[in-house]
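For reference, the chains in residue letters:
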Amino acid sequence: MQKKKLLKKIASYGVEKLFLLSACVAVLALLVIGVYILVSGLPGMFKIGVGQFLFGEKWSPSEGYYGILTMIIASLAATIGAAVIGVGIGVPTAVFLADIAPKWAVRILRPAVELLAGIPSVVYGYFGLVVLVPFISNTFGGAGNSLLAIIIILGIMILPTIINLSELAIRAVPRSFVEGSLGLGASRMQTFLRVSLPSAKSGITASIILGVGRAIGETMAVILVAGNTPQIPGSILDSVRTLTINIAFEMSYASGIHREALFATGVVLFAIIMILNFTLQAVLNRKAGTRKRRRAGVKPR
Amino acid sequence: MNRKFGRLKDTLGFVQIGLSALVTIGILGLILYYILLKGIPNISWGFLTTGFDSEYHGIADILLTTIFIIGITLVIAVPIGVFAAIYLSEYAKQGRIVRIIRFSIESLAGIPSIIYGLFGYIFFVLLLGLKFSLLSGGFTLSILVLPTIIRSTEEALKTVPKSYKEASLALGASRLYTLFKITLPSALSGIMSSVILSVGRIVGESAAVFMTAGMVYRLPGSIMDSGRTLAVHMFASANEGFSFDETWATAAVLVILVAIINLAARLLTRILSKKFSMGKG
Chain A
656 MQKKKLLKKI ASYGVEKLFL LSACVAVLAL LVIGVYILVS GLPGMFKIGV GQFLFGEKWS
716 PSEGYYGILT MIIASLAATI GAAVIGVGIG VPTAVFLADI APKWAVRILR PAVELLAGIP
776 SVVYGYFGLV VLVPFISNTF GGAGNSLLAI IIILGIMILP TIINLSELAI RAVPRSFVEG
836 SLGLGASRMQ TFLRVSLPSA KSGITASIIL GVGRAIGETM AVILVAGNTP QIPGSILDSV
896 RTLTINIAFE MSYASGIHRE ALFATGVVLF AIIMILNFTL QAVLNRKAGT RKRRRAGVKP
956 R
Chain B
23 MNRKFGRLKD TLGFVQIGLS ALVTIGILGL ILYYILLKGI PNISWGFLTT GFDSEYHGIA
83 DILLTTIFII GITLVIAVPI GVFAAIYLSE YAKQGRIVRI IRFSIESLAG IPSIIYGLFG
143 YIFFVLLLGL KFSLLSGGFT LSILVLPTII RSTEEALKTV PKSYKEASLA LGASRLYTLF
203 KITLPSALSG IMSSVILSVG RIVGESAAVF MTAGMVYRLP GSIMDSGRTL AVHMFASANE
263 GFSFDETWAT AAVLVILVAI INLAARLLTR ILSKKFSMGK G
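Going line by line, the protein sequences match chains A and B. First residue of the first sequence? That's 656 in our numbering, and the numbers climb one at a time after it. First residue of the second sequence? That's 23 in our numbering, and the numbers climb one at a time after it.
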């Protein structure tokens, strides 16, 4: 009898530790990913020269030039453009879903957003390649493979992220805030702009950071519409190459220092993503803090 | 005067909101229009059931490869993910370790697939010498879907009412017994939903797959062989310039599959939440 009890205790202890261990796999995975991206990327970066690598404008492996400035600029430009589109369409749509939309409209719009979120990036890329690129070429001239095409495709792709999270944030604004504002005679639009949106600010910020992370890391959709020329874009109709494209595009035939330069490109991308991650968590933590204060009856900042 | 201006501003605001909602619907409509109109008519029985050698660029082998890679990924990721979720929702107390675990999960969720692909290439393909293979792909993907599984399983476990567990514990059942006989069965449809969601991610994934499992267009002989999944095939056929018809057909199959998978996951989640909202009434 005693023995059985002991055995049970041991089993229960072991299982609990097994659960803990599984949870720690996530930590381990993140560490291993970080370490191996750095370990295989940094040597190449130092061999080329950090300044030479980050601020060099010329990328020509056959001649021994490995500068990724053009790609950093392209990635940033594409992401900022996409964020402008994503926020410009996404946040109003979220306001619509959260506050204004009649039930039937929600019933159409919400599944539509879900569907958009589910479409794989290659499909967006192909859509961009056969529909958007010719359209740009016909309307504005040029080849159509351009920064503009990337911006539009990425803007569409981050829409669901921005809409869903912003809607949640707007819905979380206490009813009393909105009613108070309306009761004081403010119009609905004034209430949105002065009360709902500022209260939902951190949630909306979080949605934008998540969207930006998605945009800057997107590869397969971008590779099909970018044109892939490593140059600093003079206009949004120029062909560009992003950091992600650089990694995916040349890996299959790269070797030696060329391959190390591609790994080093990964380091830059990884660093950008981790900075975004930290920012996101900080924003979310602050939001949780505000909510706690609000619940405790303390005036929100 | 001022009031009139304010009203105008109000109207403009509503117009912008309405237009944005319309644009969102419009974009989806346009994409679906192309996929349905150009894709579905080109899906034929032969296209779905033959491989590369026939008159079509058939996708039978590719569908099978996709299923293999899903299988490998789930075998690794589901136990780890579900156990991790159980730890976080049933055992963990607030503290440093849990904070670190949660931060890691959120960070993993934010890492783009190309970085997973690069890591998989460096670690599994080169360092461990697994080459471009289904196994390399499966390992890489199982890290990629881990946050999805953990988060949604945790959500599912949280919907199980506390009273269920307390009743079981009060009757003298052990914590472990309660977990396996009460909590997990109650949350089963939610856990299934999390697994299905991750299948959806695997099916739609391309960057992380082609850098680890390669792009060979035939049925892999073993898990150490290279093969291409449906999404990778879609990329390859866009890149290698297969006919538009075939590529749209592949796109249609891909989108329909993912849509069905996501729908199934949502239905299962709804079943779970309904079960307990009825019990409460």
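A portion of the hints provided could be inaccurate.
Facing chain B, a subset of chain A residues (Cβ under 10 Å, in silico) [said to hold, decoys possible]:
(1) I688
(2) V705
(3) L709
(4) W759
(5) A767
(6) L770
(7) S857
(8) T860
As a list, the in silico PhoX-like pairs of lysine-lysine whose alpha-carbon atoms are at most 25 Å apart [unchecked claim]:
(9) B:K203 with A:K659
(10) B:K115 with B:K31
(11) B:K184 with A:K663
(12) B:K187 with B:K296
(13) A:K659 with A:K672
(14) B:K296 with A:K659
(15) B:K115 with A:K658
(16) B:K187 with B:K203
(17) B:K203 with B:K297
(18) B:K184 with A:K672
Everything labelled a hint here was simulated from the structure, so no lab data went into it. All values derive from a computational prediction rather than experimental measurement. Every residue, glycine too, gets a C-beta built ideally from N, C-alpha and C.
Hint check:
1. I688: holds, 5 Å
2. V705: This hint is violated: V705 (chain A) lies away from chain B, its Cβ roughly 19 Å from the closest one there, beyond 10 Å.
3. L709: violated, 18 Å
4. W759: With a closest approach of 12 Å, the W759 (chain A) hint is violated.
5. A767: holds, 5 Å
6. L770: holds, 6 Å
7. S857: At 16 Å from the nearest chain B Cβ, S857 (chain A) fails the 10 Å test, so the hint is violated.
8. T860: violated, 15 Å
9. B:K203 with A:K659: holds, 20 Å
10. B:K115 with B:K31: Not OK: K115 (chain B) and K31 (chain B) at ~51 Å, beyond 25 Å, violated.
11. B:K184 with A:K663: holds, 24 Å
12. B:K187 with B:K296: Given pair K187 (chain B), K296 (chain B) holds - Cα atoms ~18 Å apart, limit 25 Å.
13. A:K659 with A:K672: holds, 20 Å
14. B:K296 with A:K659: Violated, because 40 Å separates the two Cα atoms, which is more than 25 Å.
15. B:K115 with A:K658: Measuring from Cα to Cα gives roughly 30 Å; hence the hint is violated.
16. B:K187 with B:K203: holds, 10 Å
17. B:K203 with B:K297: Distance ~17 Å between K203 (chain B) and K297 (chain B) Cα, so the pair holds.
18. B:K184 with A:K672: Roughly 23 Å between the alpha carbons, so the hint for K184 (chain B) and K672 (chain A) holds.
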